[in-house]
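Next come the chains, spelled out residue by residue.
Protein chains: 2
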Amino acid sequence: MEFYEIKHQLNYYECDPAGHPTLSTLINLAVLAAEADNQVNGVGLATVNQFGGGWVIINYAGNLSVHTARKEEELKIGTRVESYNKFFIIRDFYVKGPDDQIYAEFKGTFVFMDLVKRKIMTIPQAVIDLFDMDPVRRLPRLPQPGDFERSPEWDQQTYRVRYFDIDMNGHVNNAHYFDWMLDPLGGEFLSHHHLVAMRITFAKEVRMDEIITSSVSIPTPLEDGRLMTQHLIEVDGEISAKGENYWIPLEK
Amino acid sequence: MEFYEIKHQLNYYECDPAGHPTLSTLINLAVLAAEADNQVNGVGLATVNQFGGGWVIINYAGNLSVHTARKEEELKIGTRVESYNKFFIIRDFYVKGPDDQIYAEFKGTFVFMDLVKRKIMTIPQAVIDLFDMDPVRRLPRLPQPGDFERSPEWDQQTYRVRYFDIDMNGHVNNAHYFDWMLDPLGGEFLSHHHLVAMRITFAKEVRMDEIITSSVSIPTPLEDGRLMTQHLIEVDGEISAKGENYWIPLEK
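Residue numbers (our numbering), protein chains in the order written: chain A, 25 to 276; chain B, 25 to 276.
Derived from the structure by calculation, the hints contain no laboratory data. Please note that the accuracy of each hint is not assured.
Heads up, the list lumps identical chains together, so a pair's fine if it works in one copy or across two of them.
[Said to hold, decoys possible] Okay, derived cross-link-like pairs now, DSS-like style, lysine-lysine, Cα gap no bigger than 25 Å in a straight line:
{"no.": "1", "residue 1": "K95", "residue 2": "K31"}
{"no.": "2", "residue 1": "K143", "residue 2": "K228"}
{"no.": "3", "residue 1": "K131", "residue 2": "K31"}
Fair warning: this is a prediction, and the values are worked out from it, not measured in the lab.
Please construct the entire structure, taking both the sequences and the accompanying hints into account.
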């Protein structure tokens with residue numbers, strides 16, 4: 025399938041203190057592009073809502089370039105359905121700069137969720153018929169965070185889910201998980217490291233007024249010079265999301 | 025002076041659960057327009073930084089229409105310097121919809137701040153010379169929140185200032201104050217009332233990792249049918265910002 029592309033001028037309020045887009049901004053833009061692509065393909069919100077369902081993302085994984093976007097640049101955000109079966113859709117995403125330099129490439133897995141029961145359902149055949157491609161038997165599996173458990177030396181912060189974290193669908197905009205996930209690393213780490221790869225899986229929705237705990241491992245040096253951090257987002261000890269991020273130290 | 029206008033497509037992630045722009049989104053867009061206007065007039069960031077200063081907002085006041093913007097609309101955000109003297113600049117702002125219907129009109133007062141000492145300084149004459157208008161002796165004073173004190177029955181919430189709340193200038197993006205200010209009203213109130221007027225004054229900067237307390241009065245019915253709420257943002261008992269908001273109940 026062809027990539028569908030939107031353009032977006034990167035505004036100051038979508039950037040981190042260094043003037044680069046936050047990861048949550050990139051995810052917001054990716055979802056914006058995916059919704060536009062769905063619309064063009066006839067499987068937008070209005071159509072899928074008729075089937076009582078909506079697209080819900082269950083994981084993301086991908087890479088970010090060291091030379092990243094800057095405030096005021098016009099970005100190109102591309103997306104396409106890479107493959108699907110009756111339960112899952114894998115989407116490709118890219119974020120490019122004005123000269124088509126690649127800032128980020130990642131994939132996400134979408135499911136079709138019954139909006140009343142909040143349960144995953146099979147993608148309705150009438151919706152599948154609108155895709156201009158055949159389903160596949162074996163879907164590629166996105167890289168997942170490894171098996172790990174929180175240990176006592178991890179840093180953590182708590183966050184209450186706020187009214188303005190809630191989306192028009194009445195649920196938390198998933199992009200907020202990225203801010204919750206990274207914030208406990210603290211300003212000293214975040215201002216001296218660049219995120220080059222990320223993996224996140226969403227396990228359970230969080231709701232307004234719930235207190236979430238975001239915990240992060242001590243950054244672990246890898247043989248290739250990168251640092252790895254592992255992340256848990258929990259509510260009452262139950263895992264809501266799990267992440268693994270890879271960083272390189274910034275040159276002074 | 026002429027209004028300078030930018031256009032902005034309202035994205036889903038800039039909206040509240042009802043699909044309308046949050047107040048913090050409107051303020052973000054207003055500042056975006058003001059920066060673009062300054063740029064065009066030769067008093068943009070690059071120029072004023074040469075004088076060791078930057079534009080800092082000290083208050084906003086204005087009105088919002090009941091019929092407000094909706095997700096995906098193309099908004100027009102206009103601004104102009106209305107008047108100034110050697111200490112203050114009053115800016116006019118409007119937010120209009122696709123058919124030029126007015127969604128919001130407000131004013132803001134800017135000062136010129138020494139970015140090292142974090143103190144207000146006189147606007148350099150070389151900057152003033154770039155304005156295509158004369159200074160005025162008496163500046164209009166924006167409506168301010170009234171005299172009030174927090175009382176024990178007020179609702180309150182605490183917020184830690186997060187890494188991603190910080191702007192490229194190393195300070196908290198003022199728009200976040202609006203989310204902190206309104207969030208303690210709770211989903212039940214916020215989803216059943218529409219904000220029609222606001223006044224806010226900023227007294228003292230908050231810093232990363234500080235815990236701010238946002239408290240809000242019990243909504244007071246006024247004779248004209250509106251409700252008034254009063255707001256304090258405090259750090260360690262010291263006032264950082266003060267607000268007064270006016271609401272009308274939404275029709276079912």
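- Quick check: which numbered hints come out false for this structure? none
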